[in-house]
Amino acid sequence: MMACYILLFIAGLILVVFIVGLCLPKERVVICQTTLNAPPENVYNIVTDNDNWHYRKSIQELRIVDRNGGAEKWVETSADGTTIDFATREKIPYSFYSFDMESKLFKGYWTADIKEIAGGKTLFTATEYIQVKNPVIKVLSYLFFDIKKLMADYQNDLMLEIEKRNSK
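When you line the sequence shown up against UniProt numbering, it's residues 1 to 168, in that order.
What the hints contain is simulated information worked out from the structure, not anything from laboratory work. Accuracy of the hints is not assured; some may be wrong.
Said to hold, decoys possible - In the BS3-like style, the derived pairs of lysine-lysine whose C-alpha atoms are separated by at most 30 Å in a straight line are:
1. 57 to 107
2. 73 to 104
3. 91 to 57
4. 57 to 115
5. 91 to 148
6. 57 to 148
7. 91 to 168
8. 91 to 149
9. 148 to 121
10. 121 to 168
11. 121 to 91
12. 57 to 104
13. 164 to 73
14. 164 to 115
15. 73 to 148
Please take these sequences and the hints and turn them into a complete structure.
Have a look at this one:
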């Protein structure tokens, strides 16, 4: 009898999480901004160069699967083995870059606004738009998937790469 109550409790909990997931916004939007000590052209060239990705600590592998002019399709494998498919959405040299992304659990897109500011520096604003496919996973993503931290880590890696190139 006790096992029956436990199963009912678990089923009820899953149902509540499912309903909460349905009520959450369809899309998560996270913005992360930093000032980089390089002109926009340098920042743009680093960010859009998928052949030279090794400065990014969060990924184990980046494999380009298709090139068509300036557009690319590629697959990134994270340190934990997760793979995400990417495709160039739009490139405006030295000022804007965006791409689509999709994994088993989510889909979305990422944009980067690259603006020159005083002193030859760049204001770099990245915005990530994520739609989690499963309502239960959507709830868990708010608890365990810190998009802001991932974006801040990326921008820190980018800043370190710029500093490395500036010191040459």
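A quick look at each hint next to the structure:
Restraint check for residue 57 and residue 107: satisfied, since their Cα atoms lie roughly 22 Å apart, inside the 30 Å limit. Between residue 73 and residue 104 the CA atoms are separated by roughly 17 Å; this keeps the pair inside 30 Å, and the hint holds. Between residue 91 and residue 57, the direct Cα distance comes to roughly 24 Å. Compliance with the 30 Å bound is thereby established for this hinted pair. Note on residue 57 and residue 115: the hinted pairing holds, with a Cα-Cα distance of about 25 Å set against a maximum of 30 Å.
A hinted pair counts as satisfied when its Cα atoms are at most 30 Å apart, and residue 91 with residue 148 qualifies at roughly 23 Å. For the suggested pair residue 57 and residue 148, the alpha carbons sit about 16 Å apart, so the restraint of at most 30 Å is met. This hinted pair checks out: residue 91 and residue 168 have alpha carbons roughly 28 Å apart, not beyond 30 Å. Straight-line distance between C-alpha atoms of residue 91 and residue 149 comes to about 25 Å, which keeps the hinted pair within the 30 Å bound.
Straight-line distance between C-alpha atoms of residue 148 and residue 121 comes to about 23 Å, which keeps the hinted pair within the 30 Å bound. Distance check on the hinted pair: residue 121 and residue 168 sit about 18 Å apart at the alpha-carbon level, within 30 Å; holds. Of the supplied pair hints, the one linking residue 121 and residue 91 holds, its CA atoms being roughly 20 Å apart against a limit of 30 Å. Proposed proximity of residue 57 and residue 104 is supported: the alpha carbons are some 22 Å apart, at most 30 Å.
Between residue 164 and residue 73 the alpha-carbon distance is near 27 Å, which keeps this suggested pair within the 30 Å criterion. Pair hint residue 164 plus residue 115 holds up; C-alpha atoms about 21 Å apart against a cutoff of 30 Å. Of the pairs offered as hints, the one joining residue 73 and residue 148 holds, with about 24 Å between alpha carbons and a cut-off of 30 Å not exceeded.
This entry satisfies every hint, going by the numbered hints stated previously.
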